[in-house]
Amino acid sequence: MPILASLLTEPIGVAHYMVVGAVLFVCGVVCMATKRNALGILMGIELVLNGANVNLVALGSPYLRGESATLMLDGQLMAMFVIVLAAAEAAVALAIALNFYNNFGSIDVDRANQLKG
Amino acid sequence: MQSARHSTPMNPATTLPTILAIAWLLPLAAFALVWVGYSLPQMAGGRASYGAQRTAGWLATGAIGTSCVLAIVALIIWLTQTAPHEVATVHETAAAHQAASEHMASPPTSYSGIYYTLAQFGKLRISIGYYIDALTIAMFALVTLISTCVHIYSMGYMHEELEDMVDREIATPDGNYYHRPGRYHRFYQYLSLFSFSMLGLLLAGNLAMVFMFWELVGICSYFLIGFYFERPSASYAANKAFIVNRVGDFGMLIGLMALWSCLGTLDFGDSNTPGMFSQLRSEAHQYELDAAAMGSESADTNYLLLFVAGVGLFCGCVGKSAQFPLHTWLPDAMEGPTPVSALVHSATMVAAGVYLVGRCYPIFVPEALLVIAIVGAITLTLAATIAITAYDIKRVLAYSTISQLGYMMLALGLGGWAAGLFHLITHAFFKSLLFLCSGSVIHAVHTNDMRQMGGLRHKMPWTAYTMLIGCLAIIGAGIPALGIGLSGYFSKDAIIEQAWSFARVNESSGYQLLMWLPLGGAFITACYMFRLWFMTFTGMPANTERYDHAHESPRSMVGVLVLLAVFAVGVGWHVPGSKLSVTSLLERARPAGTLETTTGTWLPNLTVPDEHLSHEPQIAIPAGWSAFAMAMGGLLLAAIIYVWRWLRAEEIQQSFSPIHRLFVNAWWFDQLYDWMFVRPALWKSKFFAGIDRYVIDPFVNLLARGTAFLARALDLVVDRKAVDGSINGLARLTWDFGNSLHRLQTGNLRQYVVFIVVGLLGLFAAVSLCWKYALAG
Amino acid sequence: MNLDSPAVYLSLLTFLPAVAAVAIACFAPKDNAELIKKATLAVTVVTFVLSIGMLFGWPGIEFKAGQAEMQHLFSVDWIPTFRIDYLMGIDGISLPLVVLTTFITMLGMGASWPIDKHVKAYCVLLLLLETGMIGVFLALDFFLFYVFWEVMLLPMYFLIGIWGGPRREYAAIKFFLFTLFGSVLMLVAILMLYFSSDLRPLGADKLAELKVPAERIEQILDADTPQHTFNILALQQLGQSTEQFKTELWGWTYERWAFLLLFIGFIIKVPSVPLHTWLPDAHVEAPTPISMILAGVLLKMGGYGIIRICYPICPEAGYDLAWLVCSLGVVSMVYGAFAALAQNDFKRLVAYSSVSHMGYVVLGLGVWSAMSPTYNADYWKMGMNGAMFQMIAHGISSAGMFFMVGVLYERVHHRQIDQFGGIFARMPVYSGLAVGIFFAGLGLPGLCGFIGEFFVVLSTWKYCIPLAVVAAAVVILTAAYILWTLQRVYLGTTYLGPHEEALTPITPREMWIAAPLLALAILFGVYPRAILDYMEPSVSLTADRLASKTSDFDGEQQPEAKVAQALSPQVETTDIPKL
Amino acid sequence: MNWSSLLFLLCSGFAGVFAIAVVLSNNIVRMAFYLVLSLAATAGLFFLAGADFVGAMQLMIYVGGTLVLLVFGVMLTAQSQFVSMRTSSGELLTALMLGGALLFVLVFTAMNVPMWQPTNQPSVSEDTPVLTATPIGMALEGYRVDQLEQPNPSLRRGMSGYLFPFVIVSVHLLVVLVGAAYLARARRHHTESA
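Protein chains in written order, with my numbering: chain L, 1 to 117; chain E, 1 to 777; chain B, 1 to 579; chain S, 1 to 194.
No wet-lab data here; the hints were simulated from the structure.
One or more hints might be untrue.
[As the list claims (entries may be wrong)] With a cut-off of at most 27 angstroms between alpha-carbon atoms, the simulated DSS-like pairs for lysine-lysine come out as follows:
| hint | chain 1 | residue 1 | chain 2 | residue 2 |
| --- | --- | --- | --- | --- |
| 1 | B | LYS174 | E | LYS684 |
| 2 | B | LYS174 | E | LYS686 |
| 3 | B | LYS30 | B | LYS120 |
Generate the whole structure from the sequences, applying the supplied hints.
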């Protein structure tokens, strides 16, 4: 299996992280698009954000880029903010979900179609 | 070109034409014998007994079997008596490759000559001749072999014709089924005539002869599709096949006329006078295509003529090989008996179009090749999409055939001469295998509908597992890391490598599609082939009554299946211990000057890459892995839906119902053609016939009446329809537009997510189409 | 009377049927129809044997294959006052047509067995018709030609008008009027040419070659006034090498007027759109054997006239009007095919298919592609040969098709295509033969129809590309109407029309008529040289002679220089070995 | 073979596989569990990329905080009919196909940017791992110790710390927490009437 072998011997680069990020991101998107459970959608969002975070960290990592000898903090800082905001978002979304559950007795988002045009 | 390099007692220049001519004429002899021996008693009012009919089957089988032996003898003579071309091996340095391609720039060994002349006018001559090169020999062996297999198979499959037959497709007015005498010998007669015609097509030394046999295989196909001519659907399908083919032949005639009028010959080889190829690619021009040979004054006209000739010829191939837009006849052609579908409508006749493009490869300008590639790409995608939704097991295979032919055309159009023809050969084996397996299934359960099958692998294991081999071969199953696989793995990889190579040298994003479509096609192929296999052989029996009556086919049929399965596995391999393989044989026939990277004249940014470049590792490895991933993905999807049943097919159909309906109705091509061509033709014919009737009437009278009518019609149309209608129409349009937009607001959260993704992808596609660096980052 | 003499032989061939007709009329017992039929059949067989005697080297009268010039040429004074001769001869153009005539007449007589009304009169007229047809192909004197042309017309009129279907009188009159109209135009053209011709410039040698008696040659060369002639060969020489027909009349030369008039006369016979409407009616009403003869032979006279008379006598007009000829050919092909598609009457469909197929003939004759700069006549030769071959092929296939329709009509007495079906299951042998013959009409390779169509279409591109494209498109329509018809008539299970019980298998007599036609269709399709070896030299010579004039028509007129050039043979020598 | 590659493969494999498991699973409780594992594996990736502080935060805030919140939500709403809700196959297939296309585009782009390809000379010495907690803390207070050597003064000015965003985020967080508490408070009279 040449690809696996090369994965083990070659150094890891930004592209590898990007691929992992892409996988997480797409999983998140698919999760959002397929789950009928509001909390499932919330999990999808977490995955999406996480995928983005992987990218941010990878792009900001001196180990991976190997082009600048200096410490690069921008990517990590962005990731920090994303994590914090994700927490905030989770709190609000959870609150909305609970509220929705209280009102409708269900957390099936397909029922929440009162905005239908 | 006569090659006199070998003065051995068995001079191939004389032995090969004789051997192949005998192999060619033997089926004709069988046809004639059966005709005389079995039709004369009929003329005297009697009928050939069924015992005699069985003899006819043996006679025809013996004839084609002998042909097969002769063809193999010819192949051996060819391999031993002619010096092989140095074939550039796969992984070589650029310098060695350069040297190899320079060496390749000489005409391949071939023998051409004339059996007899049909007519001669001054310098113009039309004759029955031969042109024998490695391609001819390979195709000869292929066709005779598959034809022999089908002959043997048919002895089992058609045995119902050996007694008075009850046709269950036709109900008579009194409520019974239609009874008729069996036509066993007739079937073999048609098969023999077909074999003769097909071999003549392969042996043909000039395009006129190709055209004649082209029509002959067409008429044999007509007879065989219409074998059950009592069924209206069969006679309709036969007509459709022949007429649609004639539409292609119309284009082919134009190509023939252009070549004939400009070059004064239609010969492939040089017998006495220079043939087409050596005129168009003369040695003086280093075998490059030289449009000036077309002989008119301006270079543009020459190039145009050459383009017209190429596209015209290709039109013929579009008809015969059921390419878009003339693909509609092939699925209907499945009305014929299944062995016929295996022989005529998958392995040989429909591949003749691909063969002809390969044969006439030297005359195609890059723009014509682009046309071929585009048609191929459209066809392979279109047919694959239809195959996913079909339930008739033979129709799935028919659409799969169209799709695979599209692959071959695509490969040829992108410069992959050997790749396309290699796929032609491998496809012939595994597709005939698949058809014969489906025939075995139909023979057992007496239905074509896959929804009535299921679980049959317990009842007919041989059929099931040989068919599994066929399915694996067609999806190109193999292990890329080890470089081993079934035959389809090698040939499909070669095509995708060529597409990859083409997409690398042509950066314009439109050309990239020619790489993505075959890759996507590979996914769909795997999906529908395994859908077929899973639906037929796994799961629970859908119809227990049919299941209980199912049984393994007789030994003559199963034996053929096993033989073909062996070929389907191994035909892509090298002969152990030598460099000899189908590809190396094909390389010996590669037309001079076609292993070059060429660029278009009208489209200067169109580059058709040298085929050997596609074997470079930086192309071959990613292409191979992508193809592998696609095939596995398709297989997985089929398994998800039909084995593990995570997804339910009915639900998918429902939520994609517009697309599903589009596919199920084969993109409405039949209806479209009916409206676009058939009805207008009938109207026109009524019109012409009507003219005749009214010539007698006073012409002026008619004119006056016509004028009055026209005035009234104008009043009606212009005043009422146009003026009032346009205002109302505008209003309605606005209303409808608003309505249709409002439907987008579904209120469904998950659909919004889907919209976002679609928008993202659309944006990406739009940007990458306009800005070629978008994909490259 | 010795058969070795060409004069005796050709006269015998021509007049044997007429003499026999007289004999039958006088001596045959009126009530013994069977005997009369047998006698008539015997006469036609003898005539056929006589005609093919030429091919198989009957000593003294054998036809030399490969010789382009006129053979067996002989001349006898007939009406010396107007210098009208009894001049006959045969060459590669007329020979196949003569054989076709005797062959089709023989088969036609065989097909006449079911006729039981006025048998004697029928047989007499049929034999007279045969004399007229053979005469037309052999006559080389314009006046003689015209006489035979009219002789042929009358029996045909009666044969349709008496033995035809319900609307026979209408059809017969329509046929008669159309043909008569053409004949009148032809007569005008003949007189026009006669009175502007002058034999004197040809010289003694040439006249001797044209079988003018020695004493008359002196007389001609010494005369002070123009010496007019009806001799077609002489007119050809004059038309090709002198300026005699170049007198202007209303802005056009005599030559052009003559060409146009003759051409109209001939395309009525072919028939070509828009003068074709007599044909469907005549065919529908005529009895089966007459339809066979009409389609198999009579239509060929138009094509024969064009290649024998129109083009050689009026070459420049032919060159100028080639576009008209070709366009009419293509229009006929398309029009006939479309019209055939719309027909529901089986016979009418075959009639329209004849219009379409004969369009190939007109087109092939007209593709004068020997144009600047090369003046290469090869493609025109191919077109002309293709056209001539198509005439023979169509003679076989259309006669066969009409016969096949007739076989059905005799059994069930209707011809509505949509009221057939399932014939294959009931009459397998008949259907097999019919399908073969219809495929010959469809132009399937290996059968005779293909060769002519293929050659004509291939040669057209060099003349005019758009016409070639349209001509090629006709293959689709042809396939469509023939296959659709086959499907509706022969395939399926149920017969939809009346008299189902009458659908009995084919009789041996019918088989002996159909089988030879199919056999010939296959032979000529597989080995076209069986005809071309006889035909090609003469046709090519005609094309070469005309093509060698093309440069003159293109460029400046140089009258004097051309005479000598034209009188010497202009056949291009080719360096390719013949096979 | 080097250890960082192996660890990367392990972590990314876990992250990816559990993310896919989240998608494919229908049971909300299992989904939450898989999500935890996936996020934890991602944290491992962060460590490997040299972002130790971010990794730690990921573990603490995400795995420790956010997910606990989520699990609470699950438990609060976990009636049996909502534990697993089937989506129709058609929608599933659409989403899978679109997801596949999106994945393809992303991976294709990632693979084709030359700047992102792995390089053979690691610029930062692996022997002396740089700890990032302090610099990040400084940056949040407005001091960019990592950008001190930036030669271009204008760039150096542009990189002058994240104090302002930090403040905004803090306020935001406060607002959110208040808002969430308000939204989530039980309104019994409402459910009774409904």
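Which numbered conditions among the earlier hints are violated in the structure presented, ordered from lowest to highest? none
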